[in-house]
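**Q** Here is what each chain is made of, one letter per residue.
There are 2 protein chains.
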Amino acid sequence: MQLLQDKIRDFGNVLSPTVLKVDAFLNHQIDAALMKAVGEEFAERFKDVQATKILTLESSGIAPATMLGLVLGLPVIFARKRKSLTLSGNLLSATVHSFTKNVTSEISVSRDFLQAGDQVIIIDDFLANGEAVRGLLSVVAQAEATAVGVGIVIEKGFQHGGKELRDNGVRVESLAIIDSMDTDHIRFR
Amino acid sequence: MQLLQDKIRDFGNVLSPTVLKVDAFLNHQIDAALMKAVGEEFAERFKDVQATKILTLESSGIAPATMLGLVLGLPVIFARKRKSLTLSGNLLSATVHSFTKNVTSEISVSRDFLQAGDQVIIIDDFLANGEAVRGLLSVVAQAEATAVGVGIVIEKGFQHGGKELRDNGVRVESLAIIDSMDTDHIRFR
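If you read the protein sequences in the order shown, they are chains R and B.
Counting in the UniProt record's numbering, the first sequence runs without a single skipped number right up to 189 at its last residue.
Counting in the UniProt record's numbering, the second sequence runs without a single skipped number right up to 189 at its last residue.
Everything labelled a hint here was simulated from the structure, so no lab data went into it.
Errors might be hidden in some of the hints.
Which copy is meant is left open, so a pair is good if it fits within one copy or across any two.
[Said to hold, decoys possible] Below are the SDA-like pairs computed for lysine to any residue, each with C-alpha atoms no more than 20 Å apart in a straight line: (1) Lys101 <-> Glu58; (2) Lys21 <-> Leu92; (3) Lys47 <-> Gly169; (4) Lys163 <-> Arg187; (5) Lys101 <-> Arg82; (6) Lys47 <-> Gly149; (7) Lys21 <-> Leu91; (8) Lys21 <-> Gly89; (9) Lys101 <-> Val172; (10) Lys101 <-> Leu91; (11) Lys101 <-> Thr18; (12) Lys21 <-> Val49; (13) Lys47 <-> Ser180; (14) Lys47 <-> Thr100; (15) Lys47 <-> His185; (16) Lys47 <-> Leu175; (17) Lys101 <-> Val14; (18) Lys21 <-> Pro75; (19) Lys21 <-> Glu58; (20) Lys47 <-> Arg9; (21) Lys21 <-> Ser108; (22) Lys21 <-> Phe113; (23) Lys101 <-> Arg134; (24) Lys163 <-> Leu15; (25) Lys47 <-> Pro75; (26) Lys101 <-> Gly169.
Bound conformation, chain R alone:
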C-alpha cells in the first residue's frame, strides 16, 4: 500500500534494526484519513471472505479495525489487556508477550461477542514475532469460531511471525512488509 509506505518512510523513526517508531500516525498520534484508507484496503483484500466479526487488540489496533468495521458493516471487538469491573465472567483468554513493551499480558474477550460459527478477521497494527496474533487466534479457536484472515498494518518481515503463521496455513494480509531497516533506509518487500 503506497500511501502507507510513504507515511512510514516520511514519519517513521527507526530506533534500532528491529524497533520502528510510528507514533506520528499509528501508535500514539493517529492519522484518521490514513486509517480510513487502511480500512478500505483491508476490505478490498478480504472481499472474497464472508466475515461476521472483526477482532483486534487494544490499543493501536482499534483505529484500523474500526475503519474496516465501518466499510464492511461488521462489529469490531477489541481484546482487553487489562481487567475492567464491567468485563467479567465468561471470558476467552490467552497469554501474550509484548517484546516492544516488555510485558506479558493476559488478553480477554467476552464470550458474549464471539460465538461458535463466527467468521473472524483479526486486525493488528504490527506483526513481528506473532505473539499477539497467536493469542487472538487462540481466543477465536476457544470460541469455536473461525479465523478467516489476519490483516496487519505493518509487518516486520525480518522477524519470524509472518512466516510461521503462513506456514501454518493462516492467511496473512500485511499492508506494508519491511524486509530490513536502519536509520537511513527502510526496505519494503
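Use these hints to put chain B onto chain R, whose structure you have.
**A** Leaving out everything else, chain B in the frame of chain R:
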C-alpha cells in the same frame, strides 16, 4: 443524541446504580457506524471552535476520537496508560485514578505531538468523577496548549465530574447524560 440514547437503552446493562456496562457497542465491542455518527455529532457541537488537535485516552476513547478526527481532518492523539519502548523521553504526564478499573495510572503524551498554542478538543467515552478529563486537561496545560472543549459520549450526570468541570468554566459537550439508572430504567437528562 437520540441514536446513542436508543443504543444505551437497548444494549446497555446497568450493573449497579453507578455502573453501566456498554461493552456491546463502545467499551469492548465497537459499533463502527455509531462511532461515525458520534464523531459527526461532536463535529457539529464543536463547529464554532478552531481546533488543531484531538486528544483522548486509550482505549475506549480511540474510536469516537478517530471518527471526529476524520470529519475535522485533524490529528488524534491518544494518551498512553502504559509505557512503551517507543514512547520515551520528553513526556507530558498526569496521574489518573479509574474507579471502574480500580487502578491508578500515569497517563503520558509525547511533547512531539502537543505544542504550545494548540487548540485541543478532549474526547472520552465516559465522564463520571472527571478524573480522566482532569488528567488530560493537565497534559494540555503542561504543553501550554488550550483545551477548547471536552466531548463525552456518555456522562453520568449523577456523579460530580461534569458539574465540577462546567463550574470551572470548561465547555463540556456530552452526547448522552444519564440522570439516574437502575436495572429497569435509564433516565436521560
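**Q** The structure should be examined with respect to each hint, and the outcome stated for every one.
**A** Outcome of the hint check:
no. : hint              : result
1   : Lys101 <-> Glu58  : both (13 Å within a copy, 15 Å between copies)
2   : Lys21 <-> Leu92   : between (31 Å within a copy, 18 Å between copies)
3   : Lys47 <-> Gly169  : within (19 Å within a copy, 49 Å between copies)
4   : Lys163 <-> Arg187 : within (18 Å within a copy, 53 Å between copies)
5   : Lys101 <-> Arg82  : both (14 Å within a copy, 8 Å between copies)
6   : Lys47 <-> Gly149  : within (11 Å within a copy, 40 Å between copies)
7   : Lys21 <-> Leu91   : between (32 Å within a copy, 15 Å between copies)
8   : Lys21 <-> Gly89   : between (36 Å within a copy, 13 Å between copies)
9   : Lys101 <-> Val172 : neither (23 Å within a copy, 34 Å between copies)
10  : Lys101 <-> Leu91  : between (24 Å within a copy, 17 Å between copies)
11  : Lys101 <-> Thr18  : within (13 Å within a copy, 34 Å between copies)
12  : Lys21 <-> Val49   : neither (32 Å within a copy, 32 Å between copies)
13  : Lys47 <-> Ser180  : neither (30 Å within a copy, 44 Å between copies)
14  : Lys47 <-> Thr100  : neither (32 Å within a copy, 39 Å between copies)
15  : Lys47 <-> His185  : neither (33 Å within a copy, 42 Å between copies)
16  : Lys47 <-> Leu175  : within (15 Å within a copy, 34 Å between copies)
17  : Lys101 <-> Val14  : within (16 Å within a copy, 35 Å between copies)
18  : Lys21 <-> Pro75   : between (29 Å within a copy, 17 Å between copies)
19  : Lys21 <-> Glu58   : both (17 Å within a copy, 18 Å between copies)
20  : Lys47 <-> Arg9    : neither (28 Å within a copy, 34 Å between copies)
21  : Lys21 <-> Ser108  : between (26 Å within a copy, 16 Å between copies)
22  : Lys21 <-> Phe113  : between (32 Å within a copy, 14 Å between copies)
23  : Lys101 <-> Arg134 : within (17 Å within a copy, 26 Å between copies)
24  : Lys163 <-> Leu15  : neither (24 Å within a copy, 44 Å between copies)
25  : Lys47 <-> Pro75   : within (16 Å within a copy, 29 Å between copies)
26  : Lys101 <-> Gly169 : neither (28 Å within a copy, 38 Å between copies)
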